[in-house]
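Novice: What follows is each chain in one-letter form.
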Amino acid sequence: MWRHLALFEIRYWARSWVLWLFLLLTTGFALFVSSSSDFVIRKENCDWNAGYMVENLYTGFAVFTLLMAIVFVNSSATRDFATHSDQIVFSTPIRKFDYLWGRFLGAAFVAAVPMLGVSLGVLIAPHVWWTHGDFQRINWAAHGLGIVLFALPNTLFIAAILFAVAVFTRSASASFVSAICLLTACKFSQSFLADLKTQWVAALFDPFGSETFRYVTRYWTLAEKNRLLVGAHGLILWNRLLWLAVALAIFFYAFRRFRFAPLRVRSAPEDESPGRVAGALPKASMQPMRGAQFAEMLRHELRALARTGSFLVILVCGLSIMLFNLLAKATEGYGNSAFPVTYKVVELLQVGLILFDIAVVLYFTGVAVWRERDSGTDEILDALPVPDWLSYLAKLIAVLVPMLVLEFVGMAAGMLVQTAYGYHRYQPVVYLVQLVGLDFTSVAFLAVLAMLFHVVSPYKYVAWFGFPVFLALDLAIWKPLNVDTLMLKFGETPDVTYSDFFGWQPYRAGLIWFNLYWLAFCVLLALASILLWRRGRETRWRHRAAMARQRLRGRMSRVVWGAAAAWLAIFGVVFYQTKIAHAITTEKDLAEFNARYENAYKKYEHVAQPKVVSAKYTIDLSPETNSMKLHCEEVIRNKTDRAIDKLYMDYVAKQPHRIEVEGAKLVSADSELGFEIFQFTPPLQPGETRRLTVETARARRGFSNAAGDLTVVSNGTFFNTSVMPRIGYHRNEEVDEDRWKYGLSPRQELPEPFRDCKAECGTNYLERSADWVDVESTISTSQDQIAIAPGSLVGEWRANGRRYFQYRLDHQSLDFYSFLSGQYEVDRSDWNGVKVEVYYLREQPWNVPRMRESVRRSLDYYTHNFGPYAHKVVRVIEFPRIAGFAQSYPSTMPYSESVGFIANLSGPGHIDHVFYVVAHEVAHQWWAHQVIGAELQGATLLSESLAQYSSLMVMEKRYGRDMIRKFLRYETDLYLKGRAHDKRTERPLIAVRDEQLYVRYNKASAVFYHMREMIGEEAVNRALRKVLERYRYADPPYPTSYALVDALRDETPKDLQYLIADLFENVTLYANSVTDARAQLRDDGKFDVTMDVQVTKFRVDQDGKDVLQKPGEWVEIGAFARDGKLLHLEKVFVRGSGTFHFSVDRKPDTAALDPLAMLIDRNPERSEHKLTIEPRGH
Amino acid sequence: MELRVEALSKTYENGVKALDGVTLTIPPGMYGLLGPNGAGKSTLMRILATLLEPDSGEAHLGDINMLRQKIEVRRVLGYLPQEFGVYPRISAQEMLEHLAVLKGMNHRGERKAAVEALLQFVNLYPSRHKRLSGFSGGMRQRFGIAQALLGHPKLLIVDEPTAGLDPGERNRFYNLLSEIGEHVIVILSTHIVQDVMQLCANMSIIHHGRVLYAGSPADAIEALSGRIWSRSIQKTELAEYEIAYRVISSKLTAGRPLIHVYSEEPPGEGFEPTPADLEDVFFSRILQLS
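Chains as they are written, first to last, in the numbering used here: chain B, 1 to 1178; chain E, 10001 to 10290.
Careful: at least some of the hints might be erroneous.
As the list claims (entries may be wrong) - Here are the computed lysine-lysine pairs in the DSS-like style, where the Cα-Cα straight-line distance is at most 27 angstroms: (1) B:Lys1086 x B:Lys1125; (2) B:Lys579 x B:Lys602; (3) B:Lys588 x B:Lys629; (4) B:Lys283 x E:Lys10112; (5) E:Lys10130 x B:Lys283; (6) B:Lys283 x E:Lys10154; (7) B:Lys616 x B:Lys588; (8) B:Lys835 x B:Lys872.
To be verified - Now the stretches of chain E that chain B is said to cover, found in silico as 3 or more residues with beta-carbon under 8 angstroms: (9) 10042-10050; (10) 10249-10260.
Simulated from the structure, these hints should not be mistaken for lab results.
Here the structure is a predicted model, which is why all the values come from computation and not from measurement.
Where a beta carbon is used, it is the ideal one built from N, C-alpha and C, also for glycine.
I would like the entire structure built from these sequences, with the hints used as guidance.
Specialist: Right, dumping it as structure tokens:
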């Protein structure tokens, strides 16, 4: 019997267009994702139809399943009740089991069918004409696994929940609500991902298995993604079994509770028999008043909303996501802790509220617009003397009120959380502007649009479906069409980054105008809704149009034309500003520009050019007007042994510029690409110098589509030498991705490093137009700000209501400078005659002492171990969080507001990343600013990697080894994730590519710490000193990575020479484990520890394949106490596997192989083993 | 003030011609709209209640152009639709209060008194705090009557108002209507001839969207006097009689059909002259016999 019912369901849906539409949609979506790089979702680096991608898509489509299952399952479960045929069906002799099981299976099966679109899309993808992807042979196993592991269990799980909800409540909106709750549950599980230690929790408890999939594959590299599949074992299997069991339990609970009876029979109230005789009805004065009517309508709508169960549940979900998000993440940052500063709390609130807002807009505008027709009261209400606009407005506002209230609730919650974390700078204005001024308005815009959808739709469902589809299309289609303007993206305004430096100042004009633009547009939409407002029983468009014309009379017509005129005027302003005055460059435009630049001028890259030997800057900043003027007098010299007859100058196209070359004339000017060529007359002879004068300016006027030019801001200006005209071709502008699209051949790589490099090493990798230069700057700014340029301050004065500063470098340096200006507080101290200065905002003083401390300790260590510091000042300078990095220029280190200034390190055991980042940047004063690599692969080993090592040493001195271990765990994780996302094959450290940050930073930390453990700190530092002595401020040729690797090799004992090959010349990974560990209490109170270890080492070859290595190397073993203290550490030689003994003074808890986490191991958790404590005297 | 309807026509999207040039003049007092199901009564009433647009024609209520000045019409209108629903989760009193405010009863005390009086009148007072969605059909209909009467409408349009009411309630409602009908226009649609007979000074018969008769019931009956004959026959004979005579109705009386026949002359043996009633008028008009 149940088979009959299940088949009935399947046949029923097979005839419905809904099923096939959904299948088409999933197919289309999967097809686009796997065939086009325009899709944002495609960020993976493997083949576009690799097995990994197929499984990945199946996990990601769970949310779609949810949407589709709502339709199928809900409709199947409640059909009898909705059509009032329940009494007929229930009076047949059908068994409960057959009825429920048949319906459920049928509906679940149907809901799974559209998921097959994923496979269809992937299978079609290689054959469509627009694709340029890399495809491999069809991986049928992946399709099978995707269906069996993800599509089917997810559908069953979702179907079970929705089915249970539907048979309990017998209502459609309850299913909608339970879908929202499911999404909430997913959010909860995802928030465990941030912490390394709780990641597996998220992986196990994600009901859809997508976090599990991500967790299991998080370290998969390109080659592995192309080759491997996630199968039914381990965490995946447990996750799937867990949720299948939950699904079955839910279903059987529903089954037990189900009764063949109406849900509840409520008897009609007792009817009184007629008693009274009709008398005259009391008189009442009648005067319809707009105010009273509006208040009553609004009250009525709000009451209806408040009495809707689904609304309350969504409210609770929204609130709980918001609060949970807040509590979990308010102090998060860099796997670490930060102060819950207001802009951050607000951002979390925004993320939490968005789901609620969208649900309310989508669902409840429909409920409100259709309320009368759904309940059948429309004929009564429509015949009342209430104006159309009044009904419209009351319904719109009734939908908006709860959202506004929730913004305020969010604000209160945010402040509470801030208080709970002991933070008291509440900044209510930031809350109000972000939550009410920006978020709420954009939600209100969406609500107006949704209302219009419902007004013109013949059925509620058409609008419910059409509105999100419209929004998705509006978001997705403009980029492929290469149209990039917010004027077409409904309700969008330019992105905003609030900063404690300048508030919203740079964005204000754009925000106001775009909001006005959408406001006026929404007024027009609202007027259209009112004109087309459905009243009475008329559905024919001819009549509705006639009615609209009728309504468009008198005052209404003046309002409509007035609004249209206002919108047109605003449109004009916005169009002028964003399309004419500040034309938008789309990503594609930019890439095309760069491609043309490369095609035109790449040929000059290696033509010999004079080098800058000194520069004299005069910079006038006007923070009030966001403008500046830069004038620079440079001296250039021909350092080659041949005469130079041409000078190539590159500047930022379309920006004001002036270039004047002594003894040369302009022969070619390309204002479109920003390139000028000068002819030296007479040619510049070897050793000869001439003057080069360059000028540029910036001014920010009006507004644009994006944030716009942020070179000069009202407070916290930060720019570097790249704003001005510079000598030569610049390869960092070259297009990197999808070069075929622009007709470019594969990008020319930098040369591989080699020993005895001469001519090829004539330029350094940072700035090719100079070696070491003398610099002097005069920089002026407004009265209330301090302006900073590199070097010592040699003069300061006030004139013309402005403040002037003069700086001069104490020592020749790289031609790589930054200029800053802001209203700073300055923390000044002295370290052995060197001035240590921290420039910071008054509002963020917390970590200034820590930074000062880090600078001093860094100077201690570096001067002692590497050599003298060349300048007389060290400055750490805060800049706005429009960028989130710290950078090192000669003697100055700009440091972003968001990186360290808001860190909260008061808790115990936190990695002090503020200290670490400062130490890293100070280290660059040696590694980059004294020794800099030639422009070859591997150059950053000499700067970034050594800065990592140096800062690790300073950290170790300050915080001890426990901290290092923790730090290295994060570094290893970042390295493994980094290599997983690399689009090219990983290179060893000695030849690291410029863009492989995960190698030069994260891997380098582990590698250098490993070296330091094995050959000793002093030996490493000796090697470093050797490099410094040879290359410090030396003229070309510049060193390659071999200079360092060879110096280390010389310091490495014979039996450890394998380390150089493992760590620097190859990509080496471990798969180690402690297979068993036990401890025994001795009579003297000490413990004997015994542990069995296994060490497996492999290298990754050019194709990304693992190659197992011959066993035999030194590793460290040790034991931890319960409180995490390292009780023992020793080096042992392991050939594959071994058993080791040692004794410790305190009761040990865990035995560990490589306790300092310096070996790169993909399963670091296996390197630790809980000790079993055996009784004494065994 | 009288209501004038001129040449109203309305054709639905599915091609049904609901009104076909309807012209009527409706004076104050009770006015009955009589017609079989699907005759176009509800369409006419909805147009007069501003809820539908006619394809052509005019309608005036005194000086008000009913098709243009809808808000003015709504200010004086009381309307009971043939079918209606109720909001979920709301009580009779809450709903009536809501409607009262929207109709313009701004004074809180007056509003409360009016709502209570109406609830008393329709006998819902004891159940006034109960949810409307739990009401039985009859109670719901009474609630509908109450809301239509809110605020002393000058034009009261009630579409099949007594459906679902028991005889006692029906009488009470009619008593009230006739009382109100002394001052205002009450348009009552029904297919129960008896109701019109009892209440209305004027009426019209509508069929297939056309007005077959407009005038007073008495005049209509008068026109038929002496032309209606009745006879009791066997069931098996009915077909025969329908061919031979102009049978306008056939009713079972004690299990045997009693037929009414229209004839200007005595139709023959066994037929007895019968005083015409409105029902005879109705059927003879529909059959286009007179």
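Novice: Confirm or reject each hint.
Specialist: Right, here's what the structure says about each hint:
In summary, the hint linking Lys1086 of chain B to Lys1125 of chain B is supported, as the alpha carbons are separated by about 16 angstroms, within the 27 angstroms threshold. Proximity of Lys579 of chain B to Lys602 of chain B is assessed by CA-CA distance (about 31 angstroms); at most 27 angstroms being required, the pair is judged violated. A distance of roughly 30 angstroms separates the Cα atoms of Lys588 of chain B and Lys629 of chain B; the hinted pair therefore is violated under the 27 angstroms criterion. For the hint linking Lys283 of chain B to Lys10112 of chain E, the alpha-carbon distance of about 11 angstroms falls within 27 angstroms, and the restraint holds.
Of the pairs offered as hints, the one joining Lys10130 of chain E and Lys283 of chain B holds, with about 26 angstroms between alpha carbons and a cut-off of 27 angstroms not exceeded. Of the supplied pair hints, the one linking Lys283 of chain B and Lys10154 of chain E holds, its CA atoms being roughly 13 angstroms apart against a limit of 27 angstroms. Our distance criterion of 27 angstroms between C-alpha atoms is broken by Lys616 of chain B and Lys588 of chain B, whose separation comes to about 37 angstroms. Taking the CA atoms of Lys835 of chain B and Lys872 of chain B, the gap is near 6 angstroms; set against the 27 angstroms cutoff, the hint holds.
A count of 3 residues in the stretch 10042-10050 of chain E with a Cβ less than 8 angstroms from any Cβ of chain B is obtained; the coverage claim is therefore met, three being the minimum. Under the rule that three or more residues need a Cβ within less than 8 angstroms of chain B, the assignment of the stretch 10249-10260 of chain E is violated, with 0 such residues.
The structure is inconsistent with the numbered hints 2, 3, 7 and 10, although it conforms to all the rest.
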